[in-house]
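Chemist: So the protein sequences, as listed, match chains A and B.
Just so we're aligned, residue 1 is where the first sequence starts under the numbering used here, counting upward by one.
Just so we're aligned, residue 1 is where the second sequence starts under the numbering used here, counting upward by one.
Check before you lean on any hint, since a few could be wrong.
[Said to hold, decoys possible] Here are the simulated SDA-like cross-link-like pairs (lysine to any residue), alpha carbons at most 20 Å apart as the crow flies:
(1) Lys403/A / Ser71/B
(2) Lys403/A / Asp189/B
(3) Lys165/B / Arg426/A
(4) Lys403/A / Gln187/B
(5) Lys162/A / Asp233/A
(6) Lys106/A / Ser446/A
(7) Lys403/A / Thr191/B
(8) Lys165/B / Lys403/A
(9) Lys200/A / Ser71/B
(10) Lys194/B / Leu293/A
(11) Lys165/B / Val430/A
(12) Lys165/B / Asp233/A
(13) Lys194/B / Glu404/A
(14) Lys403/A / Leu195/B
(15) Lys403/A / Ala205/B
[What the hints assert, rightly or not] Which residues of chain B face chain A? A few of them, derived with a C-beta cut under 10 Å, are:
(16) Ile74
(17) Ala163
(18) Ala183
[What the hints assert, rightly or not] Label-pair distances were calculated between CB atoms; the ranges are:
(19) Pro70/B / Thr438/A: 49 to 55 Å
(20) Trp48/B / Leu56/A: 46 to 52 Å
(21) His359/B / Phe466/A: 44 to 50 Å
(22) Arg489/B / Phe466/A: 31 to 37 Å
(23) Ile451/A / Lys365/B: 51 to 57 Å
(24) Leu24/A / Ser71/B: 39 to 45 Å
Please keep in mind that the hints were generated in silico from the structure rather than gathered at the bench.
Where is the CB? At the ideal position from N, CA and C, for every residue including glycine.
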Amino acid sequence: MSAELLDSLQAIFPEIMVLILIGLVLLFDALWTEEQRRNLGWLTFGGILLIMAASLAVVHPSQQGTLYWGRMVSLDWTGLLFKMLILFGAAITVLLGMDVENLGKKGEFYTLMLVSVIGMMLMASAYDLVMLFLAIETTSIPLYILAGFMHGDDKSTESGFKYLFFGALTSAIMLYGFSILFGIVGSTNLYDLSMAMQFKNMSPALLLGTFLLILVGFSFKISVVPLHFWAPDVYEGAPTPVAGYLSTASKAAGFAVLMRVVYTLYSQVGFNWALLISVIAVFSMTLGNFLALTQKNIKRLLAYSSIAHAGYILIGFVAVSQLGITSIVFYLGAYLLTNLAAFGAVTIFSRIVGSDEISAYAGLSRRAPVLAFAMLVSFLSLAGMPPLGGFVAKIWVFAAALKEGILWLVVIGVLNSIVGLYYYLRVLNVIYHHRSDTENQPLPISTPNAIALIVLSIGIVLVGVFFAPFFNWSVLAASGWF
Amino acid sequence: MQFPIISFIVFTPAAAAAIIFMLPGERKTEIRVTALAAAAFALILSLWLYFSYNIASGGYQFKEQYNWLPSMGISYFVGIDGLSAPLVLLTGIVMLTGVLISWKLDDRPREFFAFLFILATGVFGVFVSLDLFMLFFFYEIAVFPMYLLIGIWGSKETREYAAMKLTLYLFIGSVVSLVGALAMYFQADATLGKLTFNMLELEKAGFSVSFQQLWFPFVFMGFAVLGGIFPFHNWSPDGHVAAPTAVSMFHAGVLMKLGAFAALRVGVMLLPEGAKAHMWWIILLALVNVVYGAFIASVQKDFKYVIGFSSVSHMGLVMLGFATLNKDGMMGAGLQMFSHGVMTALFFAVVGMVYDQAHTREIPKLGGFAQKMPWAMVCFVIAGLVSMGMPGFSGFIAEFPIFMGAWQASSWIAIIAAVSIVVTASYIIRVIRNVFFGTMPAEMASHIHDISTLDKVALVSLSIFLVGIGIYPSLMVPMVESGVQNILRLLGGA
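Only chain A is shown next, with the shape it has when bound in the complex (with noise of 0.2 Å):
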């Protein structure tokens, strides 16, 4: 094979490698009995961190990054850790799923998840319109049927059409956006979109136009107002696992194509972008938050909770910067382990308990001390405290936006992370001071939930403590920009 072939290659090696996963998800599928099954779990987990380790071995971008396959795939740092937190998220929800009732059987539900993971990886390395859209359908469209694969349960099925529905109009809206842009320029290639805009004189007002309609899908991928309103109804009845992959690994593909196309192709532009971004922020964090303290269910809370984090994360995104992205990044990174923590422990507690009522997680403490402690890890590193990862992602963030001397932003975001404390405050009065009649009886963790909640729970605390080679790793990300 020529050198060439193989630099082509490398830039999409990690979705091959999960190509010929997905084979062999299908295989055992077909060969196993209903019992051994659940043995998918393994497969995938191990093949999905052997990946992992494989692209960290094989794949070496370059730091500005390199176009491969007619300019449609990037190969570069921000894209190669992207994909990297995206297999993460993957690895850890097949790890929470495999006990679900329903789920954790099918070769369906990991054969489904893989596919989706495709698609995200592509997403954070899209490099061209069109790729970009197969690359936000492929993700898109597994996890529509993921999030109602519960066929008896009503709200399953309603989060499933719900999804769909969002997502099929927000997607085509984008692609109308798209089409726009291809109308005027002739092209579909970010770069050269991006010199067509910078140096052609263009209508502003038609520039804005496609800025809206692509911002309309990318809002609804990273789940900000005012296109928020899906994810409580979509979260509360999708899988539980499934729930946390939708924030976690696809917010943090949403933000990677943010981040590409609009640092791309609107840097340059007349229009203050970032004003309106910072209004976004300002709303997605207030509502978020706001709606979260009188939720009930605690899927609907880190729903909304996730509605504001993504607002916390666009701070991050107006400053336009190197420290920008790298708070970016590293937000995402954090998140995603808390997150998936939090979403990990509603799993379990769930299974055992059959409830999501946040009144039923009463003396979880006594009953449960360890399950306990993760969602105090977990909680509290949303809510910013250190020891944890929460803590350090949110003052990057802020001193992001301080940086470019955005004070105003900075000033709504403390406030609305005080709000914040109260309400996972909330969760974790009734979890430690809240007692009730069942806190004796004892609360089994299977073993992959166990691995799943420990390998979360040390992750956010060394986030949280030893963060030099992660915040290294997200400058790395931000390296190739600006």
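Starting from the structure of chain A, add chain B where the hints point.
Modeler: Chain B only, in chain A's frame:
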């Protein structure tokens, strides 16, 4: 390389917390012994640290610095000076006595000691940190465990409310300071040409006067919330009352010092021009603390609220001392932090012992405890005398310079503040008379007995420090003086 004694002090409680967490919850004796051993070890190290500090050479000593995130100027950087050494010692004392007092605690001692020790690590960390990032890091670690400690083991009626109120107040305070700290961080990037959280470098950053005047109120007030400054003192008495005894001791004895100390270290020392510009209204607020706190304490019927508001009053003296920005005032404040810390820990310990047996804190319902628990009475009287500022006790050594400093700032401040001495004396004497003397209600007399030996050990060791400093001030005065010299240098010899 020298023995990293400070790191050992900081991480001993954390390591102990980890070990305690791994012990099975029902092995309560082992858990308590581990906690006691760790606390004793930390106290011995802090004593050693305190007495090996070289006062003649002054400055920051026993410094240790390790890279944390060099590219952003974050390091693990610790060291002590004449102001922080007594506070480290104070934390060691309160930690050990807190463990002794909590020996009988039977509801999940594993979690209790683990959370208490995580808190202790945070407190030690703040007192010794010379890196601003690290300071915030440990500051939050010191604050949060309070939420669980009060919420789980506190007194039933108010604990959920008090725990939430306390945590939110302190979190708001710390994020306000944090924004100010980040502003300093980026401003120093402009003046120093590099990103650094190192406070010794930030001291030399040469912030412009207008910058300092703008940010000082945020940084100072954010921390001063934890110091209990008026009008943000409200969380504190509620927290004291709801908290279990050992936690009240930590809370009033150490945590409130944390706020005052951080306000001084970050606010006054890094933004001295801001401090000069804003000192008058801080004096005013502190004055309200001192007088208003004393009056409120004197009308309380709940034994614990009396002590809680007396803390508000005494912490006002600490902040009043700092705000005078002169040598006497600051020295007094430094000494008062230690003196009040030990004193109030002793107060709360005795309150806890009385409550444990009487099951009420209503002062009118109590009486005659001197016969049943003479040791507790003697120690409480000693603390009471300290609180009134009686010569021969550490309170006098601390409060007298504060009033001298206040007089130098303006005579009327000292005069108004002096009102509090009278009020304090009145409520302390009233409490002593009503609780310890008189006749014990008949229904109590049957089941109330003397305190345990461990309790006595705890009370006596606290008293020793109060009396020791009182009759031999050279144990601490020169040390604090050397710390104050450093601040005066930053203030430009004011």
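Chemist: If a hint holds in the structure, say so; if it does not, say that too.
Modeler: Cross-check of the supplied hints:
Restraint check: the Cα-Cα separation between lysine 403/A and serine 71/B comes to about 16 Å, which is no more than 20 Å; the hinted pair holds. This hinted pair checks out: lysine 403/A and aspartate 189/B have alpha carbons roughly 10 Å apart, not beyond 20 Å. Taking the CA atoms of lysine 165/B and arginine 426/A, the gap is near 12 Å; set against the 20 Å cutoff, the hint holds. Straight-line distance between C-alpha atoms of lysine 403/A and glutamine 187/B comes to about 9 Å, which keeps the hinted pair within the 20 Å bound.
Restraint check for lysine 162/A and aspartate 233/A: satisfied, since their Cα atoms lie roughly 8 Å apart, inside the 20 Å limit. Note on lysine 106/A and serine 446/A: the hinted pairing holds, with a Cα-Cα distance of about 18 Å set against a maximum of 20 Å. Pair hint lysine 403/A plus threonine 191/B holds up; C-alpha atoms about 14 Å apart against a cutoff of 20 Å. For the suggested pair lysine 165/B and lysine 403/A, the alpha carbons sit about 32 Å apart, so the restraint of at most 20 Å is broken.
Between lysine 200/A and serine 71/B the alpha-carbon distance is near 40 Å, which puts this suggested pair outside the 20 Å criterion. At roughly 41 Å between alpha-carbon atoms, lysine 194/B and leucine 293/A are farther apart than 20 Å, so this suggested pair is violated. For the suggested pair lysine 165/B and valine 430/A, the alpha carbons sit about 16 Å apart, so the restraint of at most 20 Å is met. For the given pair, lysine 165/B sits about 32 Å from aspartate 233/A by alpha-carbon distance, which is inconsistent with the 20 Å threshold.
A threshold of 20 Å between alpha carbons decides the hint, and for lysine 194/B with glutamate 404/A the separation of about 16 Å falls inside it, so the pair holds. Using a Cα cut-off of 20 Å, the hinted pair lysine 403/A and leucine 195/B holds, with the two alpha carbons roughly 11 Å apart. A hinted pair counts as satisfied when its Cα atoms are at most 20 Å apart, and lysine 403/A with alanine 205/B qualifies at roughly 17 Å. A least Cβ separation of about 8 Å between isoleucine 74/B and chain A falls short of the 10 Å threshold, and the interface hint therefore holds.
Proximity of alanine 163/B to chain A holds as hinted, the smallest CB-CB distance being about 8 Å (cut-off 10 Å). The beta carbon of alanine 183/B comes within 7 Å of a beta carbon in chain A, closer than 10 Å, and the hint placing it at the interface holds. With their beta carbons about 50 Å apart, proline 70/B and threonine 438/A fall inside the hinted range of 49 to 55 Å. At roughly 47 Å, the beta-carbon separation of tryptophan 48/B and leucine 56/A lies within the given 46 to 52 Å, and the hint holds.
A hinted range of 44 to 50 Å holds for the C-beta pair histidine 359/B and phenylalanine 466/A, which are about 48 Å apart. Between arginine 489/B and phenylalanine 466/A the beta carbon distance is about 36 Å. The supplied range of 31 to 37 Å therefore holds. Between isoleucine 451/A and lysine 365/B the C-beta distance comes to about 56 Å, which sits within the given range of 51 to 57 Å. Against the hinted window of 39 to 45 Å, the Cβ-Cβ separation of leucine 24/A and serine 71/B comes to about 41 Å, which satisfies the hint.
Checked against the numbered hints above, the structure breaks hints 8, 9, 10 and 12 and satisfies the rest.
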